[in-house]
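Those sequence lines, one after another, are chains E and U.
For the first sequence, the residue numbers in my numbering are 31 to 324.
For the second sequence, the residue numbers in my numbering are 1112 to 1410.
Warning: the hint list may mix true and false statements.
[What the hints assert, rightly or not] Pulled from the structure, derived: some chain E residues nowhere near chain U, Cβ distances all over 12 angstroms:
#1 HIS56
#2 VAL85
#3 ALA113
#4 ALA134
#5 GLY137
#6 GLY183
#7 MET222
#8 MET226
#9 ALA250
[Stated by the list, open to error] Distance condition first, Cα-Cα at most 20 angstroms in a straight line; then the derived DMTMM-like pairs of lysine to aspartate or glutamate:
#10 U:LYS1245 <-> E:ASP323
#11 U:LYS1131 <-> E:ASP323
#12 U:LYS1251 <-> E:ASP323
#13 E:LYS37 <-> U:ASP1135
[As the list claims (entries may be wrong)] Which stretches of chain E does chain U cover? Using the computed rule of at least three CB atoms under 8 angstroms from a CB of chain U, they are:
#14 67-74
#15 139-145
#16 158-172
Because the hints were derived from the structure by calculation, they are not lab data.
Where a beta carbon is used, it is the ideal one built from N, C-alpha and C, also for glycine.
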Amino acid sequence: MTVAALKTWPRDVVLVASMALAELRHRRSLLVVSVLTVGFLVLYGWGVFEILPSVTDRVGANIREEDTKRGVGFILLGIAVFATFSLASVLAVFTTMSTVKGEAELGLLQSMLVRPIARSAVVTGRVVAATFAGFVYCAVVISGASLLTSAAGGTPPGNLPAVILALTAALAVVAGFGVLLSTVFGTAATGMATTMLISIGFFSSLVRQIGESTDSPTVAARADLVSHVLGFNVLYEGALGSLTAGVAGLAGLVIQLGPFGTQREFGSDLVLLTVAELVLLVSAATWRLRRLDL
Amino acid sequence: MDSVLVAQELRKRYRGAQRKGRGDALGGVSLSIGRGEIVGLLGPNGAGKSTFAKIVCGLVRPTAGSALLDGHPVGSRAAQARLGYLAELFRYPPWATADGLLRTHQRLAGADGGASERGELLELVGLGDAAEVKVASMSKGMQQRLGLAQALVGRPPLVLLDEPTSALDPVGRAHVREVLKELRDRGQSVLLSSHLLPEVEQVADRVAIIARGRLIIEGRPTELAGTGGAEFDLASGIVRRPELRREDLPAEVARLVAAGEQVYGVRELRGTLEEAYLRAVEEHGGDGRPPAAPAGGDR
């Protein structure tokens, strides 16, 4: 890349990202996700206000009411994190699944690529758009769920910003996979393949949990490897870990036994993993795009 | 003439072509386009016209050969900044307005013409009163005019137009011809790929015919069309002499009069580009059939 190209690269990325976000808005994907989200938050609110006030009546007297409420509150927030990641993944998949082959088949990509714009900027711009949309979405939904949980008597997340950042990073990696797969498959196939990868990620978390609880280190290690290769999955686990960051005792334990995957600490190692995965995915997608005849 | 595009021995073999029993999409095409020149690129379907245009646009990588656009290798950032392109299968975001689409392309091209350039371009293509009309509400013809406008954003030295009038009615086609002539007057070059031979004949300074991936003939349309002989209106009826050229006519009239014929009129016949095209393509193993005129209309 020349010096002139390097100077304009950030501008090109922002331009591509703004075009992708405009497309997201006009294609009504955002509207669909918003309607689903409102539905989720209404159900979530109804659920936490039904469950949390009645928690003490259902649990044996040997557990303190405060601990029980915190534990149940964190389980409910765990559900919120799971739902947020799932719904935001829809956004990320929709934003990226037609990036290359899908748009080329429609003739949209060519009119962009004949302009003096780096192909890496085209790829990166899409990932940035999906990440930005994911960040706004996660911030709104997780904050909303957190407020509802607190209002119903639960405890807010241990580290709310870290939960949002970990989920955003997970969505950036999902977007990276979406963009890379779009250089190989058409729109529908890319959407399906990316969604399947997300499912595999959840499955690997469950397998790791099973491996750990059955004292099978090999199973747990292999499932952990899959989670790391997929990247977004360990970040999702990092978001779950940030829910109970600094929370000891029963409440901290309960979420680990929940049905939404194991948790882990969201620290600098996961930030480095995110950066490395994104660089790898974007580089591979750019390489593929440069080799494609359009 | 100063050349804006110099392509030398461009070859392209698509991946898997050999397995599918296909040869080179381009088999070594050399072609140059002068500054301010309109070159018509003709050929049967699958001849390699689009592949050539896409290589120049940087959308397809050549297997061999080279092409320089204003001295810069095609596909480079510098070359991309110097061309405008209207694809045959064009499509724009349905929610974009005409003005919004041009604004986006100004940003993509790094053009600083602003609102005045957008207004001028829309006027030029006959969409002056449609700046706020969305693509979704436009007829195919209007979209094609808009596509032409976006190809002209930033006043690129070379404009590649692939079937730019396929969706236009005769009035729209005539309008586009005038636009092309205006581009020539401004010093912009045009590579015009089309199946509408009469259109190309009217506007192109030079024509290149490609068949089976090879450049089989090039020249001025009048040179390629050549003479079609002469027609004599005699007392005995109309007599056609296809072998005669313009300079032969006075002597032939004198010969007929001397022979006692009554000559009421003489008409020089011109060949057409279509005849030259059919002849050239048939000689080089093409299907020889003129492509059907595309359907579609301008609202």
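* To do: Tell me, in ascending order, the numbers of any earlier hints that this structure violates.
  => Checked against the structure, the hints that fail are numbers 1, 4, 5, 10, 12, 13, 14, 16, while the rest are satisfied.
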